[in-house]
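Going down the list, the protein sequences come from chains B and E.
The opening residue of the first sequence carries number 1 in UniProt numbering; numbering runs sequentially from there.
The opening residue of the second sequence carries number 1 in UniProt numbering; numbering runs sequentially from there.
Just so you know, these hints were derived from the structure itself, not from any lab.
Keep in mind that this is a model prediction, so the values were computed, not measured.
Do not take every clue at face value.
[Stated by the list, open to error] List of simulated lysine-lysine pairs, DSS-like, C-alpha gap at most 30 Å: (1) E:LYS143 <-> B:LYS614; (2) B:LYS723 <-> E:LYS143; (3) B:LYS497 <-> E:LYS146; (4) B:LYS200 <-> B:LYS154; (5) B:LYS605 <-> E:LYS146; (6) B:LYS709 <-> E:LYS146; (7) B:LYS154 <-> E:LYS146.
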Amino acid sequence: MTVAKTKFDRRSFLKTMAVGGGGLMLGFSWFSALAKDPKAANLPDEIFEINAYIKVHPDGKVTILSPNPEIGQNVKTSMPLIVAEELDVDWNDVRVEQAPLDTSKYTRQLAGGSQSIRLGWDSLRMAGATAKLLMVTAAAQEWNADIEDLTTEKGIITNTNTGETIGYGDIASKAVSIPIPDEVPLKDTDDFTLIGKNIKNVDGFEIVTGKPLFGYDFTREGMTLAMIIHPPAFGMRLKSYDDTEVRSMPGVKDVFTIDTSIDDPQWSDVNAFNELIVITGDTTWEILNAKKALEVEWEAVSELENSDDHMRKLADAIQNGSGNMERVDGDPEAVAARAPTVIERTYTAPFLPHNPMAPMNFFADVKEDSADLIGPVQTPEQLRTSASQLLGLPEENIHVDMTRMGGGFGRRLYGNFGLEAAAISQKIGGSVKLIYTREDDMTQGTYRPAYAIKYKAALDNDGSLMSFQAKGTGMPGDSLYANRYPAGTLDHYSCEKIPIHTNISTGAWRAPSSNFTASAEQCFMDELAEAAGKDPIEFRLDLFDRAMRDPVGEENDYEADRYAGVLELVREKSNWGQEMPGVYRGVAAYFSYGSYAAQVVDLVKEGDDIKIQKVWCAVDCGIVVNMEGAVNQVEGCIIDGLGHAMYSELTFNDGAPQQSNFNNYRIMRNSEAPAEIEVFFVESDTHPTGLGEPPFPPIMPAYANALYKATGNRYYNQPYLVKDQTMLAMHR
Amino acid sequence: MPTYTLNINGEEREVDASQDTPLLWVLRDHLNLLGTKYACGIAQCGSCTVHLDGSAIRSCTFPVSAVRDAEITTIEGLSENGDHPVQQAWLEHDVSQCGYCQAGQIMTAAALLNQNADPSDQEIQSAMNGILCRCGTYLRINKAIKTAAKNS
Numbered sequence: 001m002t003v004a005k006t007k008f009d010r011r012s013f014l015k016t017m018a019v020g021g022g023g024l025m026l027g028f029s030w031f032s033a034l035a036k037d038p039k040a041a042n043l044p045d046e047i048f049e050i051n052a053y054i055k056v057h058p059d060g061k062v063t064i065l066s067p068n069p070e071i072g073q074n075v076k077t078s079m080p081l082i083v084a085e086e087l088d089v090d091w092n093d094v095r096v097e098q099a100p101l102d103t104s105k106y107t108r109q110l111a112g113g114s115q116s117i118r119l120g121w122d123s124l125r126m127a128g129a130t131a132k133l134l135m136v137t138a139a140a141q142e143w144n145a146d147i148e149d150l151t152t153e154k155g156i157i158t159n160t161n162t163g164e165t166i167g168y169g170d171i172a173s174k175a176v177s178i179p180i181p182d183e184v185p186l187k188d189t190d191d192f193t194l195i196g197k198n199i200k201n202v203d204g205f206e207i208v209t210g211k212p213l214f215g216y217d218f219t220r221e222g223m224t225l226a227m228i229i230h231p232p233a234f235g236m237r238l239k240s241y242d243d244t245e246v247r248s249m250p251g252v253k254d255v256f257t258i259d260t261s262i263d264d265p266q267w268s269d270v271n272a273f274n275e276l277i278v279i280t281g282d283t284t285w286e287i288l289n290a291k292k293a294l295e296v297e298w299e300a301v302s303e304l305e306n307s308d309d310h311m312r313k314l315a316d317a318i319q320n321g322s323g324n325m326e327r328v329d330g331d332p333e334a335v336a337a338r339a340p341t342v343i344e345r346t347y348t349a350p351f352l353p354h355n356p357m358a359p360m361n362f363f364a365d366v367k368e369d370s371a372d373l374i375g376p377v378q379t380p381e382q383l384r385t386s387a388s389q390l391l392g393l394p395e396e397n398i399h400v401d402m403t404r405m406g407g408g409f410g411r412r413l414y415g416n417f418g419l420e421a422a423a424i425s426q427k428i429g430g431s432v433k434l435i436y437t438r439e440d441d442m443t444q445g446t447y448r449p450a451y452a453i454k455y456k457a458a459l460d461n462d463g464s465l466m467s468f469q470a471k472g473t474g475m476p477g478d479s480l481y482a483n484r485y486p487a488g489t490l491d492h493y494s495c496e497k498i499p500i501h502t503n504i505s506t507g508a509w510r511a512p513s514s515n516f517t518a519s520a521e522q523c524f525m526d527e528l529a530e531a532a533g534k535d536p537i538e539f540r541l542d543l544f545d546r547a548m549r550d551p552v553g554e555e556n557d558y559e560a561d562r563y564a565g566v567l568e569l570v571r572e573k574s575n576w577g578q579e580m581p582g583v584y585r586g587v588a589a590y591f592s593y594g595s596y597a598a599q600v601v602d603l604v605k606e607g608d609d610i611k612i613q614k615v616w617c618a619v620d621c622g623i624v625v626n627m628e629g630a631v632n633q634v635e636g637c638i639i640d641g642l643g644h645a646m647y648s649e650l651t652f653n654d655g656a657p658q659q660s661n662f663n664n665y666r667i668m669r670n671s672e673a674p675a676e677i678e679v680f681f682v683e684s685d686t687h688p689t690g691l692g693e694p695p696f697p698p699i700m701p702a703y704a705n706a707l708y709k710a711t712g713n714r715y716y717n718q719p720y721l722v723k724d725q726t727m728l729a730m731h732r
Numbered sequence: 001m002p003t004y005t006l007n008i009n010g011e012e013r014e015v016d017a018s019q020d021t022p023l024l025w026v027l028r029d030h031l032n033l034l035g036t037k038y039a040c041g042i043a044q045c046g047s048c049t050v051h052l053d054g055s056a057i058r059s060c061t062f063p064v065s066a067v068r069d070a071e072i073t074t075i076e077g078l079s080e081n082g083d084h085p086v087q088q089a090w091l092e093h094d095v096s097q098c099g100y101c102q103a104g105q106i107m108t109a110a111a112l113l114n115q116n117a118d119p120s121d122q123e124i125q126s127a128m129n130g131i132l133c134r135c136g137t138y139l140r141i142n143k144a145i146k147t148a149a150k151n152s
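Take the sequences, apply the hints, and build the full model.
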């Protein structure tokens, strides 16, 4: 048993709350579950709020609040699951409620960087364990018993001496007046009964029955609908518009402009277009018609960029530029100059829009001295801070609620749509739901940047890696991590970064930077292994072996044994090395967000088509909280990653995005997905790490490496099945 | 503005809407049936799929005036208690991630099974190919359809 110091603020405890009183929100899970059992429909009249995460009902049911935004990564199930584990409650007695933004009770209510479980783990366990201890202490007092003699199981406390039992629901009223202890015992991982099991999505029933869970579905009596028009190209702004005709169109209420610029923008305020035209109206179709009919003049205020220029700039920077040398071990340049074999390769990747299935949207009801902001945002706290500036209201008067998100992939880290809704509501003096079209969404910005990386490596005559040089550029920024593999595995290494300016707004996109670096690095490793005459897994393991025995440098980001561990696991499970006629295999591994993932992709030829027959994936993410949800995340990362590696790109002509909807922007469809995915987790009792992103980056190079086996061509430029593979390959 | 009497989920509903209004927006804005989703508006992603006399259609490009006396079924009307074999199979396989596209996936799957009680893998892929899921839940979708076919 682990003993942990309690970290809770006392004021968030010890509250008894009547149903119907302020602040109680009931989620759909409860109602739909109750609807099936009419007897249960009478809600208990008193609920005991044990702490910020837990409310115990007199009938023993427990409400657990899920603090973080739900974006499809399934934290609304897995975060409460961690609480329930330590609380020792029957999962069937738990209903889950999405907590509102409340920074006095919760920390880091943010969905991003695959961090919700990783950073929430300790406080969620503590919340469950503390609540359990309070109830056990109350029972001990009630029975005049020793705490040590009491056990808990599925919401029942038992006195092992007398056999007496009491349910949480019957003792909760007494537990709320017990002082919070300084220390609470946490379970040994061996004693987990819920964590690691297959637990279904708590919103599963509401999703399959079409309940209005999403921001796009949010309605409040009397609200107006609004849509925006943004400039058609990056580098342009509004010059003028003529709304004479549009104002008389049916259902149109108003046409005006808003400006969401604020004096002190945060990182989450990425936005190329602060000044927008707004059309409000009664129905979506009427506003859409007005949107099409409105005559608008735009003017260029900065460069109108083209994709050809982007490629030229990336190529120029990577060939001729010099930037920040972030890490140098030994003298890689000198080693390469005298090495028997030197290989240089350049890899590129295009801008990408996020394209969550639900386009951006937000509800706002801004009053003179307060505001309600409700919708799908990965960064509710940041939205509140920016909205406070924009609206001139103190943060404490702005209430933010999170709806379920129809995907995000990083797009909803940037809450401009929330600010826009707030600005519109303030302007019209009433409540409003802002909705984007797919076109608004795809052409608005916050894209994954375009990247290029050049690697140069030297091999000795025995095939060992002598030096490795990485040079990365991006529009804007770069994609390299100086202290990631292969740093630490060899004596001569360098990492250089050259940022390039662009007026196209960009931001984090699922597995930021890693989503490209993995492809470049792991495709290059495959070529190096081949040139060294070694098996690609052996080649990598040799390097990890060095990093385990005698690492170079002290700041390497990864643990070499865990990295090697996932490669060994996938090698074993996929029977790597066994020749299978007609099957073309590729492998890759990558470390990101604290987790390790290795994948083997099997391709087969069907006529002219190359099909993905199977993907094998090994993951080390520490303790797996919810096995079913975890496997689903890995499968999703693989399918999403494959589609983007194969097909997806956003190009520009005179600043205007050339793809705006799914007729000209391709993501993976059902028939293109792998026929089978098999997922293996390294058994672990260490702190859980990320999962919504780590399996995403390595699938792209694993696929490209398999494609090389099938076609004989190496793949340097994403998307692999669309782009000319020789464009930047002057170093081949 | 013309008035249309629509048969939706077994009920007659009257709406005033211009004749070119897509059924999707009639469902969502006029009738507050929010289970049918907007995601592309140009019949490319299938999130808006509903049944017209039992066949899957894209409501985002289907004008309300073309419905006439056909029976419309939306996700809200697929079953009374969420116990349609496709919905149950979706829960069994824990298909959803973000969940936004799943109403369209489920309605398409249910229409497929209406017409083909025991579809092959290829028939499933071909029927489901029009419904995009960026979360990448396709394998679970296909498994759930197999289960639903068995349990129908």
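Hint by hint, here is what the structure shows:
no.	hint	in the structure
1	E:LYS143 <-> B:LYS614	15 Å, holds
2	B:LYS723 <-> E:LYS143	33 Å, violated
3	B:LYS497 <-> E:LYS146	50 Å, violated
4	B:LYS200 <-> B:LYS154	18 Å, holds
5	B:LYS605 <-> E:LYS146	26 Å, holds
6	B:LYS709 <-> E:LYS146	33 Å, violated
7	B:LYS154 <-> E:LYS146	35 Å, violated
In summary, the structure is inconsistent with hints 2, 3, 6 and 7 from the numbered list given earlier, while agreeing with the others.
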